[in-house]
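Throw the hints in and build the complete structure from the sequences for me.
Chains as they are written, first to last, in my numbering: chain A, 975 to 1088; chain B, 389 to 501.
It is worth saying that the hints were derived from the structure and are not from the lab.
Distance condition first, Cα-Cα at most 20 Å in a straight line; then the derived SDA-like pairs of lysine to any residue: (1) A:Lys1016 - B:Gly495; (2) A:Lys1023 - B:Glu489; (3) B:Lys453 - B:Thr410; (4) B:Lys459 - B:Asn439; (5) A:Lys1016 - B:Glu489; (6) A:Lys1023 - B:Gly484; (7) A:Lys1042 - A:Trp1069; (8) B:Lys445 - A:Gln976; (9) A:Lys1032 - B:Glu489; (10) B:Lys445 - A:Ala975; (11) A:Lys1023 - B:Pro483; (12) A:Lys1016 - B:Pro494; (13) B:Lys445 - A:Ser977; (14) B:Lys406 - B:Gln473; (15) B:Lys445 - A:Leu1068; (16) A:Lys1016 - B:Gln391; (17) A:Lys1016 - B:Gly428; (18) A:Lys1016 - B:Asp426; (19) A:Lys1016 - B:Thr393; (20) B:Lys459 - A:Asn1074; (21) B:Lys445 - B:Glu467; (22) A:Lys1016 - B:Arg397.
Facing chain A, from chain B, some residues (calculated, C-beta under 10 Å): (23) Tyr419; (24) Gln425; (25) Gly428; (26) Asp444; (27) Lys445; (28) Gly446; (29) Phe478; (30) Ser482; (31) Tyr491; (32) Phe492; (33) Gly493; (34) Pro494; (35) Gly495.
In silico negatives: residues of chain B with every beta carbon more than 12 Å from chain A: (36) Val440; (37) Glu441; (38) Glu450; (39) Gln473; (40) Val500.
As the structure is a computational prediction, the values presented were derived from the model and not from experiment. In this text, a Cβ means the ideal position worked out from N, Cα and C, and glycines have one as well.
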Amino acid sequence: AQSVTQLDSHVSVSEGTPVLLRCNYSSSYSPSLFWYVQHPNKGLQLLLKYTSAATLVKGINGFEAEFKKSETSFHLTKPSAHMSDAAEYFCVVLWPSTGNQFYFGTGTSLTVIP
Amino acid sequence: EAQVTQNPRYLITVTGKKLTVTCSQNMNHEYMSWYRQDPGLGLRQIYYSMNVEVTDKGDVPEGYKVSRKEKRNFPLILESPSPNQTSLYFCASSPGTGSLEQYFGPGTRLTVT
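See below:
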């Protein structure tokens, strides 16, 4: 079965320092990859997506992610954390072999310390 | 305004009492989906639909039904709710082929006692 693993359930950073949220997935076969953000008591919003174009993907609010096929990873980064980045982040994968079913990681809660 | 709407936003019900959560999108999207979100488990897909009259099971379809009679609507039906269906439910839609970005509704918090 396919799976998505977010290696950290909680990440805490100081404001102005870099953010790294890690995501690994179970199969490297042509996936489409996404990061979504969920602010408290809100729905989910797309941060960025990879769909077989450039391996370094830039998203909204200064976030970016790099697709590394050999490592089956799609880690999310941001050079400098802002207080408004505090939220839950989800890595999501879609494999062609599983039709149109999206697989979510269990989420990483990001805390930003002033 | 382009959006996905869900109703109700909050619902408390009792075991066995049939309920429907509605989902509607005004973006003419082909793809629609239902998820449930539980602490520590992320979001899990319940059902999805590629177009009118086409639905498929996701990871956790047991105890749920859906229908897609119109492109804009995708209701989630719980015929006989049980306490283990207490959860936060999200509806999402996507243009479909060529664009995989999903737009999420605000969520429905369901409690089954």
